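As they're listed, the protein sequences go chains A and B. The first sequence: position 107 = 107 (the working numbering), numbered continuously. Count along the second sequence from 1, add 672, and you get the number used in the working numbering.
Do not take every clue at face value.
Unchecked claim - In the DSSO-like style, the derived pairs of lysine-lysine whose C-alpha atoms are separated by at most 27 Å in a straight line are: (1) A:583 x A:561; (2) A:139 x B:723; (3) A:193 x B:723; (4) B:1286 x A:38; (5) B:1232 x A:16; (6) A:540 x B:811; (7) B:1211 x A:87; (8) B:685 x A:539; (9) A:463 x A:514; (10) A:561 x B:1101; (11) B:685 x A:493; (12) B:710 x A:614; (13) A:341 x A:173; (14) B:1307 x A:13; (15) A:463 x B:807; (16) B:759 x B:811; (17) B:865 x A:267; (18) B:828 x A:135; (19) A:267 x B:807; (20) B:939 x A:51; (21) B:759 x B:807; (22) A:16 x A:156.
The hints are simulated quantities; they were obtained by calculation from the structure and are not laboratory data. Because the structure is a prediction, the values reported are computed rather than measured.
There are 2 protein chains.
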Amino acid sequence: MVSQRSLTIDTEKTTKTTYVLGTELTVNLNRCAPPLAKFFSIKCTPNVHYKVTPQARGKNAVPYPLTRSSVLIITMDTVSETANDSKLSVRYYGEKTDSLGDALLHLTAVEISLDVDADRDGVVEKNNPNKGSWKWGPKGHGAVLLVNCDSEAAYKKTLDSETDEISKISDLKDMSKMILRTNGPAELPDGYKLTMHISQTTSENMRVFRPRTNAKIDNSFRHQLLKLFLKDYMMVVGKGTLTQEVPYLGGKTELEFFVEGLRFPDKDFNGLITINLSLIEPSSMGFPESPVFTDQVVFHISPWIMTPNTLKPVEVYVCSTKDNYTFLKSIRKLVDKCGYKLKICHEYMNRGDRWMQDELEFGYIDSPHHQFPVVLDSPRDGDLQDFPYESILGPDFGYVTRYASNEEVTSLDSFGNLEVSPPVTVNGKSYPLGRIIIGVAFPTATHGRNMTQVVQDFLWAQKVQEPIALFSDWLVVGHVDEFMTFVPAPDQKKFRLLLASPDAAYKVFRSLEKGGHGDAKMFPDMPEAITVNEILDDKKLLAGNRYVQNCIDWNRDVLKKELGLDEEDIIDLPILFKVIEEKTGPRAVAYYPDMVNMIVLGDQLGIPKPFGPKVNGTCVLETEVCALLEPLGLKCTFIDDFAPYHKLLGEVHCGSNVRREPSPFRWWNMEL
Amino acid sequence: MVSQRSLTIDTEKTTKTTYVLGTELTVNLNRCAPPLAKFFSIKCTPNVHYKVTPQARGKNAVPYPLTRSSVLIITMDTVSETANDSKLSVRYYGEKTDSLGDALLHLTAVEISLDVDADRDGVVEKNNPNKGSWKWGPKGHGAVLLVNCDSEAAYKKTLDSETDEISKISDLKDMSKMILRTNGPAELPDGYKLTMHISQTTSENMRVFRPRTNAKIDNSFRHQLLKLFLKDYMMVVGKGTLTQEVPYLGGKTELEFFVEGLRFPDKDFNGLITINLSLIEPSSMGFPESPVFTDQVVFHISPWIMTPNTLKPVEVYVCSTKDNYTFLKSIRKLVDKCGYKLKICHEYMNRGDRWMQDELEFGYIDSPHHQFPVVLDSPRDGDLQDFPYESILGPDFGYVTRYASNEEVTSLDSFGNLEVSPPVTVNGKSYPLGRIIIGVAFPTATHGRNMTQVVQDFLWAQKVQEPIALFSDWLVVGHVDEFMTFVPAPDQKKFRLLLASPDAAYKVFRSLEKGGHGDAKMFPDMPEAITVNEILDDKKLLAGNRYVQNCIDWNRDVLKKELGLDEEDIIDLPILFKVIEEKTGPRAVAYYPDMVNMIVLGDQLGIPKPFGPKVNGTCVLETEVCALLEPLGLKCTFIDDFAPYHKLLGEVHCGSNVRREPSPFRWWNMEL
């Protein structure tokens, strides 16, 4: 809809105003007319166009009859060379001949457009008609903003979003460009000015910078300026400054702004941000000025996005501890073979906390012009707690965390309990970035551990990977990665869900017994050694595993429903648990190394070595797992994590973390 | 999608479970099979149905070949008479003839449905397939909940939502009925139970009650129970109780629940509420129980809805003060003529605060089963502050307020600054309940008064009357009702927007002058008397009114755009303002009684008497206003509010309030 502005004109005084191309000025002629006026006629300079409504009946019905609802609509299609160079006058008549007076209007036409990359192609186009709203999907529109949550400084770090200055030129690329395009006379008429303004709420979520210099944009000159005078960037609007004048440079010019996101979407913030630019008209006689034209642009803050196992790895993170030399060597060998980077967190930083999976989750943020990884720091805060901020945050590596205020932080807040599925389609609804998976207590439980509400609220608010809550409180440690993972596959849905299965394990052990290998030993040559027969005879173990299978099956049903999986998309890995009587009730831990707790690096799997019974010198559990996974083109490497991880109730996955490439699917193309 | 549950069966032990009609039990046969099993066959009692996937090739391929992905899917279509009365067994074979064992399954079939009025017809239908989700619109679905914000007690009042007991039987009608329908054997199998459960967040927004007695519903008996034993209602779930067992009564029974809303939608609450009911299965050997079936219902809390001037009045509220006897008499006469109720707030309560419009706003909440008015109490808190709670809150009259915490409360928080338009359609988008209108400072202003954010957040969160923010800070008092109102009309959009217009006023005065009445006196026979010529000669007054006309025109443009109005939908009333130099700048007040600040009672308008210049004994301002409004079928009564209101910077509308009938349009039928 064309923006209209009401204007009063007056036979006693020339009215001067500034007109913005693309709008309409409307004059209620009756209201402004001198008493007894019955007709009117109009004259104007050639660059001024007008129409009169209601349309007079005759074609040349000039002078026009003045009615109660006579409205004059004025437009112009070229900008003014000088202030007030365009004119229009209305002459009023009582009866056809006698003039009752002329109302004069002097006009200055300018072009004003606050522009963003509303079509999401990385370029700030001119005056996109959709720039003022957000629409999801490939046919959608609306500009994208990043939370500037990295740190341009690698030392003496602080989140860039926490300082309202631009510390380095490189910081500008984390921001979204916004351009004010104006065209008109060298100067605006006296007293007119341009103002950028935002709401109080918006000021908590973003800020806008611009070069302090008013120089017109000349690419080479500007480039030098940027490099030389860093402090020459100023905040235009943001916290404490909701409105500020911006320069009108005259002629046809572009003024660049840089928009910086400050907050991720959350329970009380849907991620949408509006910035306004107004032309302010002065008022005579000391009355307040008023906005006569407002242009509006909308941004959506990029959500924080997780990366499923099916995406290509970039870096593998693992801790070095006093006791994990052999494990580390195996991991290094696997990672080297795959050609990825290995990053080791040394003891001075990890202070013996080896659970690299639990302290942090890697994700990323994405915009058409820029993307970078962002680490989500868990409120778990073990001895690894400084690692994400101290060692990961840096230039183009962002950081975000959530603090539990009145809630108890439990083991379920560790990010072994935060995973994401590969892309799925569920009952026709597409999740091209997959769905987040967390573990909580049964909703029907009166007691029970949960993931803190602040983290849950954060995850749900990102919207593009709608979370699924599984039941993981049946485990001592309570992480979903203790009973499930995803591996890539060449067929079907392009992945398989792997689930730990005591039933599948018992089937292997019973087959061994039936095959005459009942005396074969689990944990061969280890102090824990125990025969297959002994395991099968352990009624308590069996009962516990029946319970565990029930718990996992409950999750299986939820995953099938929420990810749209068929039975063929699921593989049961033979894993036994044992149930321990804790103060708050019985809970389970893996009986032998929990093979589902693996690291997935493309088609290479680093699987906890199960130390299962051997037949003909080979471990039947390894054989079974290989038989299940190798047909999918996956390569299984079994890694001994027994002493430094398994005995401490974790495995390979718990002790590692993988940063992966962002999805090729861009989040704004989701249909929400 | 049919709800599926994975089940493990076992050749070593009979499995017993309870099946819920409408679901599917799935058994992964391979995982449960004995080692070396190659085939299987199935037998079952007649009420049990099954299918096997993948389907065996031959038609009578029994025994079925056992494959890695063999799944048995079990359903039943009638409920059990007694526990475990239905049976199924799977026999496994190695080669075709030799049995490896039978896995036995004993089944108890029950029917469970947690029901709500998801089709919004006032009746709780059985197992509506859409009961678990919310959809706006006439073809939408989802049950409706009221915030129980009235007080069943008229004395010693407290909001019903603030007590977790049911104080009177009449309180039940403010709640939404929810019925648990079950059918099955007289008792559930040992250890099974039904549990209702909600999330932590939901527990802050609603609670559920039920009769304490477990008696089956027998209408006459129940009715007596309800009347006799009030304390026989207990809270099932709510704050502090997220989960609680509910009785299974056996046979075909219905158990009634009453759901009570506690909080209106707000910035951090979208109004949606989920309640779950689960069937809990016991676990043997001291392991925790687990939910095996969950039914879910969704409610949407009714928003607080305002009533535009075009709705039929019910009651008129006005204050009695030491000095307003004549005014009160005029109002009573007008209200009596219309046949509405007049409610007078006496001095002991109003303590001299006469601004009945400003302390409160009447609205209502609505559900298919019940609706009642709700007063929104302003954070203004003048001497009238106790009136809404003390005098209005009561049985079937609700109360809601918002407290400003860190914000300054200004005159713009008075509810003369909170209005609502009649129904409009804007660019194809329909607002059948109209749009809320508030006044704030210019968004470009560096200083300026605003409506507190808590109230704005509340208004926006109601969603069904999307607010419009106008510019009202140009006025000393700063209320939108000082320059605009809506009146009903028989044609066009069924209403007109009336705007105060200095231009229109000057036109009247200039016509007087031209007609030879320049000596006629404004405020005739009053100390303030002043001639038309003197008014027209006052350049300062003229300049101030030019500024005022600009301010109103700015709002006119916003209203035209946001309400989809044409010029023909707007009527300019001849009203002059004068601009006063305040500490924070110039601001305007009405020069003579502000006729737009009227009370609208159907086609009867109570308009501030302007005391304009007289020609032939009649006031030209009254004549002009009548000429503008009477053609619409409206009747103008001019009420003298000069001394007790106008001189204190308010008029008829500021000093009154009207409670109106709810809109016939139901809010859930909006397309959002």
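Against the structure, the hints come out as follows:
1. A C-alpha spacing of about 33 Å is found between residue 583 of chain A and residue 561 of chain A, which places the hinted pair above 27 Å, so the restraint is violated.
2. With a CA separation close to 44 Å, the supplied pair residue 139 of chain A and residue 723 of chain B exceeds the 27 Å bound.
3. Taking the CA atoms of residue 193 of chain A and residue 723 of chain B, the gap is about 76 Å. The hint is violated against a cut of 27 Å.
4. Under the criterion of a C-alpha separation no larger than 27 Å, the hint pairing residue 1286 of chain B with residue 38 of chain A is consistent with the structure, at around 25 Å.
5. For the hint pairing residue 1232 of chain B with residue 16 of chain A, the CA-to-CA distance comes to about 23 Å; that is within 27 Å, so the pair holds.
6. For a cut-off of 27 Å, the pair hint linking residue 540 of chain A to residue 811 of chain B is broken: about 55 Å separates their Cα positions.
7. A hinted pair counts as satisfied when its Cα atoms are at most 27 Å apart, and residue 1211 of chain B with residue 87 of chain A qualifies at roughly 26 Å.
8. Simply put, residue 685 of chain B and residue 539 of chain A have alpha-carbon atoms about 12 Å apart, close enough for the 27 Å limit, and the pair holds.
9. A threshold of 27 Å between alpha carbons decides the hint, and for residue 463 of chain A with residue 514 of chain A the separation of about 51 Å lies outside it, so the pair is violated.
10. Restraint check: the Cα-Cα separation between residue 561 of chain A and residue 1101 of chain B comes to about 36 Å, which exceeds 27 Å; the hinted pair is violated.
11. A C-alpha spacing of about 36 Å is found between residue 685 of chain B and residue 493 of chain A, which places the hinted pair above 27 Å, so the restraint is violated.
12. Note on residue 710 of chain B and residue 614 of chain A: the hinted pairing holds, with a Cα-Cα distance of about 25 Å set against a maximum of 27 Å.
13. The suggested pairing of residue 341 of chain A with residue 173 of chain A holds, with an alpha-carbon distance near 26 Å, which does not exceed 27 Å.
14. Only pairs whose Cα atoms come within 27 Å are accepted, and residue 1307 of chain B paired with residue 13 of chain A is rejected, the gap being roughly 38 Å.
15. Simply put, residue 463 of chain A and residue 807 of chain B have alpha-carbon atoms about 19 Å apart, close enough for the 27 Å limit, and the pair holds.
16. Only pairs whose Cα atoms come within 27 Å are accepted, and residue 759 of chain B paired with residue 811 of chain B is rejected, the gap being roughly 43 Å.
17. Distance check on the hinted pair: residue 865 of chain B and residue 267 of chain A sit about 34 Å apart at the alpha-carbon level, beyond 27 Å; violated.
18. Annotation: proposed proximity of residue 828 of chain B to residue 135 of chain A is violated, straight-line Cα distance about 51 Å (limit 27 Å).
19. Annotation: proposed proximity of residue 267 of chain A to residue 807 of chain B holds, straight-line Cα distance about 21 Å (limit 27 Å).
20. In summary, the hint linking residue 939 of chain B to residue 51 of chain A is not supported, as the alpha carbons are separated by about 45 Å, beyond the 27 Å threshold.
21. With a C-alpha separation of about 41 Å, the suggested pairing of residue 759 of chain B with residue 807 of chain B is violated against the 27 Å cut-off.
22. Among the hinted pairs, residue 16 of chain A with residue 156 of chain A is inconsistent with the structure: their alpha-carbon atoms are about 55 Å apart, more than 27 Å.
Comparing the model with each earlier hint shows violations of hints 1, 2, 3, 6, 9, 10, 11, 14, 16, 17, 18, 20, 21, 22; every other hint is respected.
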